[in-house]
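Chemist: Produce the complete structure using the sequences and hints provided.
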Amino acid sequence: MPESTSLFRSALFDSLVSAPPEKRYPVEFWLGALFFILLACVPWLASFLGEPFYVRLLMRMMIFSIMALSLNLILGYGGMVSFGHSMFVGVAAYVVGILGYHAYEANALAIGPFQIQGSLNALFTWPIAVAATALVALMLGAVVLRTSGLYFIMITLALAQMLYFLAVSMEDYGGEDGLQVMGTQMLGNLDLSHRTTLYYVVWVCLCGVFLGCRTLVNSRFGLVLKASRQNADRLRAIGLPVFWYKLVAFVISGAIAGLAGVLLVSSQSFVSPADMAWTRSGDLIVMVVIGGMGSLFGPVLGAFFYLAAEYVLGNITEYWQMIMGPLLIVIVLYARTGIVGVFLGAGERKNRI
Amino acid sequence: MSDPILEVTRLFKSFGGLSATDDLSLSIRRNETHAIIGPNGAGKTTLLAQLSGQLKPTSGSIVYQGMDITQWDVVKRVRRGIVRSFQITSLWPQLSVLENVMLAVQAQQGHAFHFFRAATAVRNLIGASCEFLHMVELEAKMGAQVYSLSHGEQRQLELAVALATRPDLLLLDEPLAGMGGDDSQRMVDLLHKLKGQYTIVLVEHDMDAVFSLADRISVLVYGRCVATDTPLAIRDNEEVRAAYLGEEAIC
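Top line first, the protein sequences correspond to chains B and V.
Okay, so the first sequence: first residue is 1 according to my numbering, each after it adds one.
Okay, so the second sequence: first residue is 1 according to my numbering, each after it adds one.
Some clues are possibly wrong.
[To be verified] Covered stretches of chain V, as calculated for chain B (at least 3 residues, CB under 8 angstroms):
1. 17-27
2. 72-81
3. 103-117
4. 120-129
[Said to hold, decoys possible] Selected chain B positions facing chain V (Cβ under 8 angstroms, derived; list incomplete):
5. Asp191
6. Arg195
7. Gly208
8. Leu211
9. Leu216
10. Ser219
11. Phe221
12. Lys226
13. Asn231
14. Ala232
15. Arg236
16. Leu240
17. Gly314
18. Asn315
19. Thr317
For the record, the hints were derived by calculation from the structure and aren't laboratory data.
It should be emphasised that the depicted structure is a prediction, and the values quoted were computed from it without experimental measurement.
C-beta atoms are modelled at their ideal positions from N, C-alpha and C, and glycine is treated no differently.
Modeler: The structure is reproduced here in C-alpha cells:
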C-alpha cells in the first residue's frame, strides 16, 4: 500500500469510529426501548384494570414476536423465504411437551435401547428442546440450502408438512388432538404455572432475542448475510463460501424459533400439530412482511399488529378473516416497507436494510 | 522475461455443438498486463470464466504457479489469488460503498464468522478498506449506498472490491464497459497505476486503452488464439489483420 494513505486513514477513523452519539442511537432505538418498558408494565396495568386476560394476550404477542424475529433473520436479511418456519416451533414445543408428559406419567421414554426420564425441569428441558431444534435446522438446512428461490419455498414447505404429519401420527401423544402438558414446570426457583412469572420470563427472552438479532445483523457475519441476499455470486467471486454462512444463519434462526416454541407450549400448557401447520408458517411470513422485512423492529410490530387485529376483529365477527384479508392487501400495496416504514419514512428504512 | 504465472494448455470448451474455446494455449507472465482482444463472440468472457473457475473446460489444463487448478472451484482459486471483475457490474447495491469493500477484505482475512462486534467497530477492517477506496479515488463516496453511484463510480468500486481480495492474478472483464469520456480516462489512469504491481489479464474492447496498457496482446477469433505478441507486432501482424481487424471495425 502507498505510504501516503496512512494519514488519510487516521482521519477517517476519527470520523467513523467516534461518530456522534445521536447517530449511533437513532430515534428507532429509543422508541424500541420505550416499547419494551411499556411491555414490562403490562401485568401491573392489567391487574389495575382488572383484565388479567391482557397478560395472556400480550404474552402470546411477545412469543410470536420472537418467532417473527427469527424468521426475519433468514427471510429479511438472508433472503431465504422459508415456508416451513413453524416446524421449528413445533419440534421444540413437542420436545418439552413429551418430556413433561413422561414426567407426569412417571414412565420413562424408551428410544431403542435408551431410556430417557421425563422432566418438568425447564433448566433441563428447554436447552434440550432448543438444541434439538438447532440440530433439526442443521440437518434440513444442509439439504434445503442447496436450492433457492421458488424451490426453496416448496422444499421447506414439504419438509414442514412431513414433520406436521409426524406429529399427527403420534397417537401416544394425542395425535391430531394435541398433547396437554400436565404438572408444573419449574425454571430454577420460578414456578412457570404462575402467569405473571411466565410473562416476565417471556419478556426477558424477547428482549434478549431482539438485542441478539441486533448484534448479529450489525456484525461481520450479518454483513455477509445481507450481502448474500443481494448478490450471492459475487460473494463467491471474492472467496466467501455463501452456503456455510446461510447454513449458520438458518441454524441460529431455527434455534430462536425453538425458544419461541418452548415458551409457546409453556404459556398454553398444550401443544398440537396446529402449532406447526403450514398456515402458521404463512402467518409468520405475513407478520414479517407487514411489519417490515429486513428491519429489526418490523417483525415485532407485525406480530403485535396481526394478533391484535385477530383479537379485535374476532370480537366483532366470527368471519374476521373477511376483514383481515383485504386489510393486509391494503397494507402491502400502500406501505411497501411495512408498518415500520410508515413510522420512520421510506428513506430512513432503506438505510437499515 | 520472468516465468509464467499461468499456463493454459490446449483448452476446449463447447456448449452443445458450439465451441467457445477451441484448442487455446496461453502463457501469462508474472506482473505483465496481458490483453485479450477479439471480435464479439470470440470467447473472451468464456475464457475468463474458465480461468476464474465459474466454468469448467471440456478438456485441457490450467496450471497456476505450478499447480494444476483445472478442477478447482471459484472460492478455492480466489483464496490462492485469482480474482476476476465483471463486465456487467456485480456489487451489493443496498450496502454502502465501504461495506462492499469490507466484505472483500473480510474474505481475504479468512472468514467472517464473527457474530458479536459490530462490523463498523473493527478498526483494521475499515482501515484496510479505506486504502482500497483511496486507490480507486472513491473515498469521498464511502458512506453512499451503491445503487446511488454513477455507472463510472460503480466500475471503480468493482475494481476496488477485486483489489481488496489482494489478488496475484487479476482478471478484468471489460473494466471500461459502458464508460465514456472522463470516466473512461480515469479508469485508464487507474489501470496504469496498477500495471506492474499485479499480473493482469485484461479483456477490453477499447483499442486505444488496450494498446497503451498491454505488454502483450492475444487475439482470439472463434475461440482460437490466432496470435500472441507485443502491441507493435500485433498491429503489423497480417494474420490478425485478416482475421480480425479486416473483418470488423474496431469498436
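Chemist: For which of the previously enumerated hints does the structure constitute a violation, in increasing order of number?
Modeler: Numbers 1, 5, 6, 7, 8, 14, 17, 18, 19, in rising order.
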